[in-house]
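Taken in order, these protein sequences are the chains called A and B. So the first sequence is numbered by our numbering: it starts at 1 and just counts up by one. So the second sequence is numbered by our numbering: it starts at 1001 and just counts up by one.
Rather than coming from a laboratory, the hints here were simulated on the basis of the structure. From the three backbone atoms N, C-alpha and C, an ideal C-beta is built for every residue, glycine too. No incorrect hints appear here.
FRET-style restraints, in silico, Cβ to Cβ: (1) Q45/A with E1052/B: 21 to 29 Å; (2) G16/A with T1057/B: 42 to 50 Å; (3) R1110/B with S106/A: 18 to 26 Å; (4) T20/A with T1114/B: 41 to 49 Å; (5) P1086/B with K69/A: 39 to 47 Å; (6) I51/A with G1016/B: 39 to 47 Å.
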Amino acid sequence: AQSVAQPEDQVNVAEGNPLTVKCTYSVSGNPYLFWYVQYPNRGLQFLLKYITGDNLVKGSYGFEAEFNKSQTSFHLKKPSALVSDSALYFCAVRDDTGRRALTFGSGTRLQVQP
Amino acid sequence: GAVVSQHPSRVICKSGTSVKIECRSLDFQATTMFWYRQFPKQSLMLMATSNEGSKATYEQGVEKDKFLINHASLTLSTLTVTSAHPEDSSFYICSASGESYEQYFGPGTRLTVT
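Using the sequences plus the hints, can you model the full thing?
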């Protein structure tokens, strides 16, 4: 079985400050890891993914994430937050076996204050 | 990038009626489509996985006779909520996957059962 934990329901950060949204995972095989963002009443927008290669992954809108195998983490980061980054963020994982469905974390609401 | 559409985006129906939601991959062939359900302020829960031309695989606890899934072509999957009840009110999101590990999400359908 695979699982994802996002320990923070909400993260508050001031505009211009760096932000981190935490994610840890559990899978039986090699992980494929994803971050998505969701705005109110909208579907999910893809931010970035880790499949293999460099542990630091760069994605859309200035976001990046670092894969840490020993800590089974894939935290989302951005050096300088924008008010427009305020949204709901989901971490997701699947393994590299035949099952292709994603398992999502519970989501973290990011609130960037002006 | 790959685009997935859902129709309708919003639907209100009376208790006891059935509602059909369409999920289309617009510019690629989706061998697998996934249906998720999202309750307010909660994460996405996988309902079922459908492969083109075969029966859908439902997650534990999801009633297959209530949530009918058809994946008759490589670009279209439908979810029919039969005999809808107010507790079926939710945000339904589909995703589509081709030959790669990527999943592309639709914009979601908000179902309200009165």
